[in-house]
Amino acid sequence: MTGSGVLPAAAVTLLAPLAVAVALDLAVAEPPRRVHPVALFGRLIGPFDREWGRPGLVGAAVAVALPLAAAAACGGAVRLAAVYGPRLGGVPVLAVPVAAAVCFSTASLRMLLDVTGEVVAESEADPDAARESVRALVGRDPAALSPADLRSAAVESAAENLADGFVAPLAWFVAGATVAVALAAAAGGAAVPSVALAAGVAAAAWAKAVNTLDSMLGYRSKPVGRASARLDDAAMFLPARAAAGCLAVAARSPGSLRRARSLAREPASPNSGWPMATAAVALGVRLEKPGAYALPGGPEPPTPAAARDAVRLVGAAGGIAVAAAAGWLLALAGVIAWS
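Residue numbering for the sequence shown follows this note's numbering, starting at 1 and increasing by one per position.
By construction, these hints were calculated from the structure, which means they are not laboratory data. Note that this is a predicted model, so its numbers are computed, not measured. For each residue, glycine too, the CB sits at the ideal point set by N, CA and C. It cannot be assumed that every hint is accurate.
Estimated spans, in silico, between C-beta atoms of each pair [what the hints assert, rightly or not]:
(1) 262 <-> 125: 28 to 38 Å
(2) 46 <-> 141: 35 to 45 Å
(3) 146 <-> 268: 21 to 31 Å
(4) 303 <-> 330: 36 to 46 Å
(5) 312 <-> 57: 18 to 28 Å
Simulated pairs of lysine to any residue, SDA-like, Cα-Cα distance not exceeding 20 Å [as the list claims (entries may be wrong)]:
(6) 222 <-> 269
(7) 289 <-> 269
(8) 289 <-> 145
Start from the sequences and build out the full structure, keeping to the hints where you can.
Below you can see the structure in the form of structure tokens.
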């Protein structure tokens, strides 16, 4: 097929996995933990979480090898499904659900919103229950946190995890597919939609693996995790800023992104401050991790009403990220159709 005949097939090939993954996220939130690929990947990381004679060397090898293995496994599965599976109207009908399953496993929004909303509700009715629930969102000790502190922690985590857990996999999926199309054009050949799909899936899996490594090993007390932490800083650099942009658009407050710029430097992370500061400014609240940083987007910490607004804001920003990714992929399908 050439020209307009390729466009529908390319569009379905690239967009259907995204649509199915988002629908699954909305419907069931997460795969069961016993079969969740990210949980299984975490078990692979576990044996490396110990003292090593040469932690820097081991950590660098882990940071390179494990994400590449995840990318190869996921991208390879999609490509094999495309090559050996059936096609319908030019669409690799087996590759699409395989890709959707990977995307569903790597990008998560509903669970984040549900847990954040739960903490916010419990901070009013049962602060002790909120202190227990917030452990799913943050690593800080919640024992001494006031209800306002609990809401602040929940809002901070929602904004940060929007970037790490949702926007980043989407962005890397789009980036991987785009690079595959660009390389095909540079080589003088026609881009193949299923190859772009496999590349996008591989990139999303790589990014999720990098972020999972950082979450498990990337602590100052763990020398083996230094390479993973630095790699995560690099991989999340653009997604964190893209997430901040989505929050600003969702809040209908583009100026909040500019005002958040100076506040974004307060956290030690080069990335997490961007979505958190943008949320603080857009909501007009003060977000604070005692003893670590303060993001004075307003004079007071989030009230219950402001924290509920934050949940809605993060959800809307996630929707904007999906729309942006879908628009880019549709344009990419057009490039493939006419290449």
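Hint check:
Distance hint check: the CB atoms of residue 262 and residue 125 are about 36 Å apart, consistent with the given range 28 to 38 Å. Between residue 46 and residue 141 the CB atoms are about 23 Å apart, so this pair departs from the stated range of 35 to 45 Å. Separation of residue 146 from residue 268 is about 23 Å and conforms to the stated range, judged on CB atoms against 21 to 31 Å. For the pair residue 303 and residue 330, the supplied restraint of 36 to 46 Å holds, since their beta-carbon distance comes to about 40 Å.
Between residue 312 and residue 57 the Cβ separation comes to about 46 Å, which falls outside the hinted range of 18 to 28 Å. Only pairs whose Cα atoms come within 20 Å are accepted, and residue 222 paired with residue 269 is accepted, the gap being roughly 16 Å. A threshold of 20 Å between alpha carbons decides the hint, and for residue 289 with residue 269 the separation of about 13 Å falls inside it, so the pair holds. A C-alpha spacing of about 10 Å is found between residue 289 and residue 145, which places the hinted pair at or below 20 Å, so the restraint holds.
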